[in-house]
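Q: Sequence:
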Amino acid sequence: MTESIMSKAATMEIPINSNGDTGTLPEDDSLEQAAKLQWSLDEKVGSSRGTRLILEQEGKQKKTDLQQVMVSGPNLNETSIVSGGYGGTAEGIIPTSSMKGPAVRYNAEFNKRIPVTGLGSNMHHSSSSSSMSAEEATRGVAVEKLETMKKWGLNTYKCTKQMISERFGRGSRTVDLELEAQIEVLRDTKRKYENVLRLARALTNHFYNMVQTQHALGDTFADLSQKSPELRDEFGYNAETQKLLCKNGETLLGAINFFVSSINTLVNKTMEDTLMTIKMYENARLEYDAYRSDLEELSLGPRDAVAMARIEAAQQQYQTQKDKYERLRSDVIIKLKFLEENKVKVMHKQLLLFHNAISAYFAGNQQQLEQTLKQFNIKLRPPGADKPSWLEEQ
Numbered sequence: 001m002t003e004s005i006m007s008k009a010a011t012m013e014i015p016i017n018s019n020g021d022t023g024t025l026p027e028d029d030s031l032e033q034a035a036k037l038q039w040s041l042d043e044k045v046g047s048s049r050g051t052r053l054i055l056e057q058e059g060k061q062k063k064t065d066l067q068q069v070m071v072s073g074p075n076l077n078e079t080s081i082v083s084g085g086y087g088g089t090a091e092g093i094i095p096t097s098s099m100k101g102p103a104v105r106y107n108a109e110f111n112k113r114i115p116v117t118g119l120g121s122n123m124h125h126s127s128s129s130s131s132m133s134a135e136e137a138t139r140g141v142a143v144e145k146l147e148t149m150k151k152w153g154l155n156t157y158k159c160t161k162q163m164i165s166e167r168f169g170r171g172s173r174t175v176d177l178e179l180e181a182q183i184e185v186l187r188d189t190k191r192k193y194e195n196v197l198r199l200a201r202a203l204t205n206h207f208y209n210m211v212q213t214q215h216a217l218g219d220t221f222a223d224l225s226q227k228s229p230e231l232r233d234e235f236g237y238n239a240e241t242q243k244l245l246c247k248n249g250e251t252l253l254g255a256i257n258f259f260v261s262s263i264n265t266l267v268n269k270t271m272e273d274t275l276m277t278i279k280m281y282e283n284a285r286l287e288y289d290a291y292r293s294d295l296e297e298l299s300l301g302p303r304d305a306v307a308m309a310r311i312e313a314a315q316q317q318y319q320t321q322k323d324k325y326e327r328l329r330s331d332v333i334i335k336l337k338f339l340e341e342n343k344v345k346v347m348h349k350q351l352l353l354f355h356n357a358i359s360a361y362f363a364g365n366q367q368q369l370e371q372t373l374k375q376f377n378i379k380l381r382p383p384g385a386d387k388p389s390w391l392e393e394q
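Taking my numbering, the leading residue of the sequence shown gets 1, the next gets one more, and so forth.
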């Protein structure tokens with residue numbers, strides 16, 4: 001029916017009136033009604049399809065937006081602030097990417113500020129991480145100190161046990177007869193040299209007092225020679241003699257002081273350094289014997305898995321102490337050898353100086369006394385150098 005109507009409309013002529021409007025004919029009513037009917041049907045069908053497509057697209061868009069929000073969250077760079085209320089114009093929208101300061105989100109519907117807590121959570125996380133790392137470092141230091149104290153306590157217990165066993169004759173000790181004899185000789189030599197040093201210092205003090213007395217006596221003789229004309233020559237001779245003796249005594253004091261200083265260096269530095277090494281060697285020997293006895297006791301016990309693990313650990317500790325003991329033993333032997341050579345060299349020079357200076361002084365040979373000091377490169381202090389300054393006396 002529609003096709004017949006459309007074919008009939010195609011063969012008809014449409015007259016144009018004087019105003020340019022189409023004329024209305026009686027035959028056109030049916031054609032116009034058919035066209036309106038067809039257009040209304042097409043419009044309904046098209047509108048229903050368009051509505052369905054629009055709803056489907058909106059559903060898909062909402063689903064996609066919801067997924068994006070759930071996965072990535074809101075994008076702060078694309079967040080905008082609406083200056084007006086709901087339905088404001090585009091001029092009132094200010095992008096937050098151009099703003100400085102803490103990030104915030106605005107709800108356009110209610111015009112409320114919603115703080116963004118992402119930065120605060122990161123800062124809290126970083127602070128908590130730093131506090132946890134500090135606590136872990138402190139805990140590590142505490143554990144290390146605890147382990148050190150534990151090892152020290154165990155080592156002290158073993159060494160004390162070994163020492164008591166040796167003193168009561170129930171424990172065995174490692175003995176190097178040749179080295180022990182050299183150590184005993186050194187200790188005896190040190191005691192004798194300390195006695196020589198003590199006597200030499202006493203001689204220096206007494207001789208210094210004698211020189212001061214001679215100096216005062218010479219000044220007194222010189223004063224009396226000026227005030228006693230009848231005894232001027234006799235007082236004058238004695239004053240010159242005392243002044244000469246005082247000068248020679250100061251020269252001898254320089255030689256004795258050099259002797260005392262060299263003996264003091266030999267006894268309290270060189271020998272003391274060797275004795276400190278010997279003390280370390282003896283402690284290492286005691287630790288070595290303590291761990292050796294511990295290993296021997298474990299070796300005599302059962303041989304289960306736990307005992308074997310303890311034996312292996314004791315074997316490692318024993319080997320460590322043995323290496324330390326042998327290293328210090330070698331150091332002691334070397335130092336004893338060099339100490340003996342140094343002692344002979346130093347004492348040969350100092351004893352020759354002491355003999356020549358004492359002999360020249362008491363023989364009254366002033367030239368020989370001065371030559372002795374030049375031979376050993378001894379420089380005398382100027383007069384009054386031993387006296388403290390007036391600032392030091394205050």
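Any given hint could turn out to be false.
Stated by the list, open to error - With a straight-line cut-off of 25 Å between C-alpha atoms, the simulated DMTMM-like cross-links for lysine to aspartate or glutamate are: (1) Lys161 x Asp188; (2) Lys324 x Glu184; (3) Lys190 x Glu370.
Stated by the list, open to error - Computed Cβ-Cβ distance ranges for the label pairs, DEER-style: (4) Thr156 x Asn209: 48 to 56 Å; (5) Gln375 x Glu166: 29 to 37 Å; (6) Arg187 x Gly140: 21 to 29 Å; (7) Val143 x Arg303: 30 to 38 Å; (8) Trp152 x Arg198: 55 to 63 Å.
Simulated from the structure, these hints should not be mistaken for lab results.
We put the beta carbon where it would ideally sit given N, CA and C, even for glycine.
Q: A separate judgement is required for each hint: does it hold in the structure or not?
A: Now the hints, each set against the structure:
Proposed proximity of lysine 161 and aspartate 188 is contradicted: the alpha carbons are some 29 Å apart, above 25 Å. Taking the CA atoms of lysine 324 and glutamate 184, the gap is about 22 Å. The hint holds against a cut of 25 Å. Under the criterion of a C-alpha separation no larger than 25 Å, the hint pairing lysine 190 with glutamate 370 is inconsistent with the structure, at around 32 Å. Here the CB-CB span from threonine 156 to asparagine 209 is close to 52 Å, well matched to the stated 48 to 56 Å.
Between glutamine 375 and glutamate 166 the Cβ separation comes to about 53 Å, which falls outside the hinted range of 29 to 37 Å. For arginine 187 and glycine 140, the hinted distance range of 21 to 29 Å is not satisfied, since their beta carbons lie about 45 Å from each other. A C-beta distance of roughly 33 Å is found between valine 143 and arginine 303, which places it inside the suggested range of 30 to 38 Å. A hinted range of 55 to 63 Å is violated for the C-beta pair tryptophan 152 and arginine 198, which are about 39 Å apart.
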